[in-house]
Amino acid sequence: MNFFVIGYYALLLGASCLAAYMNRRAIFLLLFSLTLVSFILGIIGGVAALRAVTIAAGLLALAGMVAYGFREFLVQLSEGNVGRPLRESGGVFLIILLILAALAFASNSFDWGLAEIFVAIGVLLLIIVPLSPETAKELRRAPLTATFGLFVIFTYIVAGIFSSVIAPHGEAEVIASAFAPADDTMLLGADQLGRDIFSRLIYGTRNSVGLALAATVAAFILGAVAGLLAATKGGWFDQLMGRVADVIMSIPSLIFALLMLSIFGPSIPVIIGAVAIIYAPRVFRLTRAVAGNVVVMDYIEAAKLRGEGTWYLIRKEILPNSTAPLVAEFGLEFCFVFLLVAGLSFLGLGIQPPTADWGSMVRENATLISFGDITPLIPAAAIALLTVAVNFVVDWMLHRSSGLKE
Amino acid sequence: MVKSNEVLLEIKDLQIQGFSEERWVDIIKGVDLTLHKGEVMGLIGESGAGKSTIGAAAMGYARDGTRISGGSIEFDGMELTTATEEEKRSLRGSRIAYVAQSAAASFNPAHKLIDQHTEAPLQYRLKKRTEAQEDAVELYRQLRLPNPEEIGFRYPHQVSGGQLQRAMTAMAMSCRPDLIIFDEPTTALDVTTQIEVLAAIRDIVDQYNTAAIYITHDLAVVAQMADTIKVLLKGEEVEEAETKEMLDNPKEDYTKSLWAVRSFKRSQKERPKDGVPLISVKNVDAAYTGGQKVLDDVSFDIYEGMTVAVVGESGSGKSTTARVITGLLPPMNGEVQFKGEALPPDYRNRTKDQLRQAQMIYQMADTALNPKVQISEIIGRPAQFYQGLRGSALKSRVDELLDMIELEPSHFYNRYPPELSGGQKQRIGIARALAAEPTFIICDEVTSALDQLVAEGILRLLDRLQKELNLAYMFITHDLATVRAIADEVVVMQHGKVVEQGPKEQMFTPPHHPYTDLLLSSVPEMDPDWLTTLLEERGVDNVGDAASAQIDTDASKVGGSKQGAQQESGG
Chain A
1 MNFFVIGYYA LLLGASCLAA YMNRRAIFLL LFSLTLVSFI LGIIGGVAAL RAVTIAAGLL
61 ALAGMVAYGF REFLVQLSEG NVGRPLRESG GVFLIILLIL AALAFASNSF DWGLAEIFVA
121 IGVLLLIIVP LSPETAKELR RAPLTATFGL FVIFTYIVAG IFSSVIAPHG EAEVIASAFA
181 PADDTMLLGA DQLGRDIFSR LIYGTRNSVG LALAATVAAF ILGAVAGLLA ATKGGWFDQL
241 MGRVADVIMS IPSLIFALLM LSIFGPSIPV IIGAVAIIYA PRVFRLTRAV AGNVVVMDYI
301 EAAKLRGEGT WYLIRKEILP NSTAPLVAEF GLEFCFVFLL VAGLSFLGLG IQPPTADWGS
361 MVRENATLIS FGDITPLIPA AAIALLTVAV NFVVDWMLHR SSGLKE
Chain B
407 MVKSNEVLLE IKDLQIQGFS EERWVDIIKG VDLTLHKGEV MGLIGESGAG KSTIGAAAMG
467 YARDGTRISG GSIEFDGMEL TTATEEEKRS LRGSRIAYVA QSAAASFNPA HKLIDQHTEA
527 PLQYRLKKRT EAQEDAVELY RQLRLPNPEE IGFRYPHQVS GGQLQRAMTA MAMSCRPDLI
587 IFDEPTTALD VTTQIEVLAA IRDIVDQYNT AAIYITHDLA VVAQMADTIK VLLKGEEVEE
647 AETKEMLDNP KEDYTKSLWA VRSFKRSQKE RPKDGVPLIS VKNVDAAYTG GQKVLDDVSF
707 DIYEGMTVAV VGESGSGKST TARVITGLLP PMNGEVQFKG EALPPDYRNR TKDQLRQAQM
767 IYQMADTALN PKVQISEIIG RPAQFYQGLR GSALKSRVDE LLDMIELEPS HFYNRYPPEL
827 SGGQKQRIGI ARALAAEPTF IICDEVTSAL DQLVAEGILR LLDRLQKELN LAYMFITHDL
887 ATVRAIADEV VVMQHGKVVE QGPKEQMFTP PHHPYTDLLL SSVPEMDPDW LTTLLEERGV
947 DNVGDAASAQ IDTDASKVGG SKQGAQQESG G
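Top line first, the protein sequences correspond to chains A and B. Under this note's numbering, think of the first position of the first sequence as 1, with each following residue one higher. Under this note's numbering, think of the first position of the second sequence as 407, with each following residue one higher.
In isolation and in its complexed conformation, chain B is listed as follows (with noise of 0.2 Å):
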């Protein structure tokens, strides 16, 4: 569906070159790309494949420690690879726009929304500050940001994310660009909160005629946005097609590989009829101190060898349910029952054997392992301290525990957790985890900064591991598609409280809690017409932070009944 024959940006051959371990090395290696006026173009891979450095290529900027060695890029006419600094700064802001991941770190927080919005206008001398101030708020009527008139005399630290992120992009658009560039804009962002955003900018770039190069890993997300999809791995591209083309019928392996990513799937397990649980929390209300309850009258069951996935939004209280079972957090009433016992509230009074039982898994592998610390210790060290290994019955132990993750001893045994790549991370995690020999493990978000592939990865290691030795799992995740994967009972949790418990099948067939449903909904699906079917069905201003606030105040009632049925069929 390209819109245009005009071309607006073509890039050919482009090599960029990174500079590592004292020389350069090739990132990108010779793309093509050609874009239309009008047309938005996904680019997908890993991390690592080269899309952002591409992104930011389009724009003829090279980042810090890499240089472009090779190829053109010519924008409307103009070459960017030989253009001055000087020239290439003029396009920037005025006719190339960039919308970065992190809305968040991206705004000055030092400054006004709306100051930070006119200041390209002003800069390019196009518009005088009160007329730009007033195209700003009709771009934030049109990106449908509440109060539209008010909200850009806000500072960034007092909008939420997801309005952030349209405030970014109304930004980029403060000078009509004819090229935006996203990059990653909503994978930060949690999913309910994405379908605002993804709606806002689809709409302003179709009004306003302007072409836009889209970067993600996220596939059914680019299949909303995007015209043509490019496929690129490694720094090489693998395809280009028109987006139905490209999701009815990839041609190369790579591609197929990555629509079947969300295809494993394991068999559900029933709770064991009679027997206690093996963790139990039990009305627990929690606060940090001085602030406002974060957890309220929260009670679930994890029986031996189940995999419980505990799911909602940022902000909900999944991570602080992990941290009140950890014991980090003691609860204000409540408490947490290991095998119908109750644990000491606080970690510093459970015995060696108590801390042993319960182990945890963490989203950022980067700052859960010691850097300066060797593999064979990080995964020795539980050992060493739970079981008193020693000298060689230890060394055999780690090469076990290696074993178990499926990496190779002798590679992995001496080296150092910076020279391993994200997964590698992820499974000595697992391995220090397991290392300790305990019952139960609490996946923090394990998979959500890893690519798919590599997330399905760790996703049959675990449960592998699960068969082998009977864990439980309580699997903290914002990523439906994990929870439908691995989980065999599903937890939703909607501002501290559960709002929905049950056996995962009975929790994704309606009917559900209106919350659970607007989770589902939210959820993207390959289909390229997914988002405008979804926008007709629940109307504009019926999605994201509007919808679940809609939930707040009138569905509690359908929710407790629901919730009562639940567990009596359940228990």
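Extracted from the complex, chain A is given alone in its bound form (with noise of 0.2 Å):
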């Protein structure tokens, strides 16, 4: 008996009595429940198996305070109304973005070095242009799985943009002997080839993830216009779209993908077209039926006898009334558009070496796994950690369009 473990039930004991005395019903089961596992838990795995016990308590409640912050954070932002000025210039916003993105392209390509700060600039302009009380009432009601999710995507774009200065070796760079373990310069040691794990993790990020990024765009710029279209025009048009999404759906996207690769070569804007075709008439799908609704509604009836274009109809009238399933749907595809990009990548068509990619990764250090060494599945979980926040948010956007009360 040490004093941890006697802490440990005292603090639990002690707890749960007060939650049975605050009347809180839920909180005393949970804790009081806890503790009769940990009797259990504590005779079969000893000290260390309560260790485990309190070090996921203490991740959770770091998560969970994480995220309550990060939520504080942007309603405080919110009700200081940031983005008002840039939602109210309208044009000029956009003006700056095109600039900022030519400064970013230029910099890039006469290494000035400064291509990060721009694309960062721009990225928080997109990031607080939403920010108005309306969002700070929404964010209020958010839950905290919500936020959470937020905040890791939030930190997966830090990490995306400036790889270069938070990444202390280079992502093709060898440093070490093959598979060194992790010192003082190597945090998680290095790969087959002696470059450091921990900077291609990082590296990785910028590329897979903007990969998976600019698919999923791609797939939905083509999905949602077809899908806009055939809802307004209808007839042949409708026919033509909704045959063509058959015909791509009946094939299985894998094989889909592997075939155009071997064609075309595993480049990148083919993964992107490849990618883009796969998940398009899910996208078309989706976006003919939610503007089939709304095509319906008497102001549509009323703007098409106003005599007005099919890009105003579409433009104005029907995507204000379908963007939230529409956003609700970018998450997830998002999601399933990684794990396809990380599956070629596994199969070697995706992302070509030197190039850092956590799909790759996995597959070039997998024979670590055999020794004990978890490190080549820290990829794989930044993987699933991306997807699982995504998740978390598209949910909570779900829940708020689809207007359900608990």
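Hints were generated in silico from the structure; no laboratory data involved. Cβ coordinates follow ideal geometry from the N, Cα and C atoms, glycine included. It cannot be assumed that every hint is accurate.
[Unchecked claim] Each computed DSS-like pair below joins lysine-lysine, with the alpha-carbon atoms no more than 30 Å apart:
#: 1; chain 1: A; residue 1: Lys137; chain 2: B; residue 2: Lys435
#: 2; chain 1: B; residue 1: Lys801; chain 2: A; residue 2: Lys316
#: 3; chain 1: A; residue 1: Lys233; chain 2: B; residue 2: Lys675
#: 4; chain 1: B; residue 1: Lys699; chain 2: B; residue 2: Lys745
#: 5; chain 1: A; residue 1: Lys233; chain 2: B; residue 2: Lys699
#: 6; chain 1: B; residue 1: Lys778; chain 2: B; residue 2: Lys435
#: 7; chain 1: A; residue 1: Lys316; chain 2: B; residue 2: Lys758
#: 8; chain 1: B; residue 1: Lys688; chain 2: B; residue 2: Lys758
#: 9; chain 1: A; residue 1: Lys233; chain 2: B; residue 2: Lys758
#: 10; chain 1: A; residue 1: Lys137; chain 2: B; residue 2: Lys640
#: 11; chain 1: A; residue 1: Lys316; chain 2: B; residue 2: Lys778
#: 12; chain 1: A; residue 1: Lys137; chain 2: B; residue 2: Lys778
[To be verified] Stretches of chain A that chain B covers, calculated by requiring three or more beta carbons in the stretch to come under 8 Å of a beta carbon on chain B:
#: 13; stretch: 291–302
#: 14; stretch: 312–322
Each of the two chains sits in its own frame; use the hints to bring them together as a complex.
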């Protein structure tokens, strides 16, 4: 019996008694059953098991606190209405974004080393735009899981943009012997060629997430435009698009991707194109269904009778009324695309070496697993964490748009 | 006329709160209600008065997002506010039954009527299945449903709206409850069908001495049904009295204002002696793709600055006519002329100016305004689109339009439609139509979704605008009171044909086409004996569907000659 174990039980029992005294039924049941479970765990696993429970609970509490803090932070920003000047500037904002993109591109080509800064400013501006008092109201009602998801996504964005600053070594730089163990310079050790795994993990954020994001955006533009047009135009165009979507969906997606990649060779534009074509039909189906519900409204009829063109109808009347399910779908599709890209990389047809990519990192270092080392699983965990985070956020948005209460 | 002194339901100081904008708001602020056995009480008031909420509370039920926060509900000696869910459930269906507004939405479309009917008696083990079915047939017969033996074995979609509403009443009677709550059972029905349902409900409630709470916003209807009437306003009781007393001398100002609603009238205008009609519908036949003819040889004229009301039951082709005029449904034969010139049948081929001339105001303001667009843009867009206004010119035009529809511009400029009330939304719809500077506006049941007082305001506004801007209206409605108030000429439609048309005064004085007669005599009047008298005159089997079916077969001859005479005198 050491002080840790005594403290552990004392804390649990004290907390559950306090919960019972305060009439917090749910909390009491949770804490007290944890106490009972700990008895068994303690007998079987000893102090180590109890320590694991403590660490898990601590991590959970930490995540909760981070989520809570992040939510408060966003609420405060939203209440300050930071995004207002941007939202009201309209076209100017778009021009600023374009200039930033051009600067980032130029900086990349001429090696000014400022590309990260420009991209970061652009992304920051994009994040700020939706911060308004209405968002504050929504955020205050958001579950902690959703804000935790937002926080994780935010972290990934930072890691992706500033990877060259954060990573201690270059992504293709060989600095040690193969499978060298972790030391002061290498947080997670070296991979099969002696490159720093931690640095490659950071660079992988940029490559893998960037690629998946680009592919999802492409799939969305393809699918949403086709779906909106099909819903507004109807008739033969609708039929044609529907059948094309059927044909694409009838081919197994991985097989289709492998086919395209082996025909055109595994380059980044081909990966983006192939993935976009595979996922566009799903987006098309959803957009067409959502827009189909909006198209029958009287205000659309009024706009048609006014003589408005298709483009106006889509942009001003239909799109604002179907954004919520589309945004949710974007999140879901992003996860699927991410997994598909990771799968392709694992098979060696995705992002090509020496560019770091989470999928191929798992494959390259897979041999380490048989030696009881879990480092190869860290990139996989990174994928899992992002997918879960995105899903948390999507769940919240779906819940909001469906108007469900509890 | 209290039938018994035994109290069945006693509600004392009932308070109900609803959850909105993250806090609890009082909806019902202390209402008392005493209902004796066999008594029928009418609850009337505008929407939002809390009628349905009280109706649900009488079953001990609080809808989602509401809670009973105070007071007591005692049903036959049992306190419902503190009763467990189990206890309350054993009452519902067996001792308290509910008839909803939309029978079509309340029946499960996947089961036959009779299976749904017998569910409650079987559940409570009151009857065996065969007994319950026999009883259902008996009830169907008493409610005068056609083919009582067979109708129960149909699915809900195979039965008409009025019949469905009666089947729902039969279902509520299946356990012979002590109390039935009727929540606007006839609001969604045509006037001719409404009579049938009213007569059937009244008889069966009488026969089994069932107590009832009858919720409606239509005074004339409640006058036929109820022994006592309670008037509600914003969750508070205004007054309660026996029906006759209430109709003859209401005490409170609010009640008087409800009675006075139907007073709005304006003088009837004559057609100009010479001149071309603004809109002329000529021998139009129309059908939806692959379907039957919906319009059959429809012709009528609308002159500048005049209001033409198109009346008829649902399914008579009123709205289809509007779709033909706007060009959404190109006709099979015939044409629509604007100032003597034929309009292209399809709206896509019409010029901007032709489109601008004819605007529409819709029945459901909720779906007629884009919920994600600011008011300023909804109204401003037609002005921008047709007149090319921009910047400050556009803003002042929007302000002018908002002034015209009697809404304060600075309050509404940046708001979104979901934030507005029903009447305000309808006004925005009118402003959008006006923004195009049209000469002709189609009003498709614009007042039928609104409360009486609000509807009256809209009618006055439309009338004022017509005088100021010399607009022509085509007023589609099934409400003859509205026709009386605003129309200059009336077109009566049945089964896609125009059965009678002419100036309003002529239309409201006999002799009528039998169908017009049926429509007119079916509108409930404030007199509590109206329904009794009508049924005596016509006989119980000659109302509603049955009556209009008879007209079909034998009346076309009379109608034809009459119509000819009308056109001679009118032209």
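Comparing the hints with the structure gives:
no., hint, in the structure
1, Lys137/A with Lys435/B, "holds (29 Å)"
2, Lys801/B with Lys316/A, "holds (19 Å)"
3, Lys233/A with Lys675/B, "violated (43 Å)"
4, Lys699/B with Lys745/B, "holds (27 Å)"
5, Lys233/A with Lys699/B, "holds (26 Å)"
6, Lys778/B with Lys435/B, "violated (34 Å)"
7, Lys316/A with Lys758/B, "holds (19 Å)"
8, Lys688/B with Lys758/B, "holds (23 Å)"
9, Lys233/A with Lys758/B, "holds (20 Å)"
10, Lys137/A with Lys640/B, "holds (28 Å)"
11, Lys316/A with Lys778/B, "holds (9 Å)"
12, Lys137/A with Lys778/B, "holds (18 Å)"
13, 291–302, "holds (count 5)"
14, 312–322, "holds (count 4)"
Checked against the numbered hints above, the structure breaks hints 3 and 6 and satisfies the rest.
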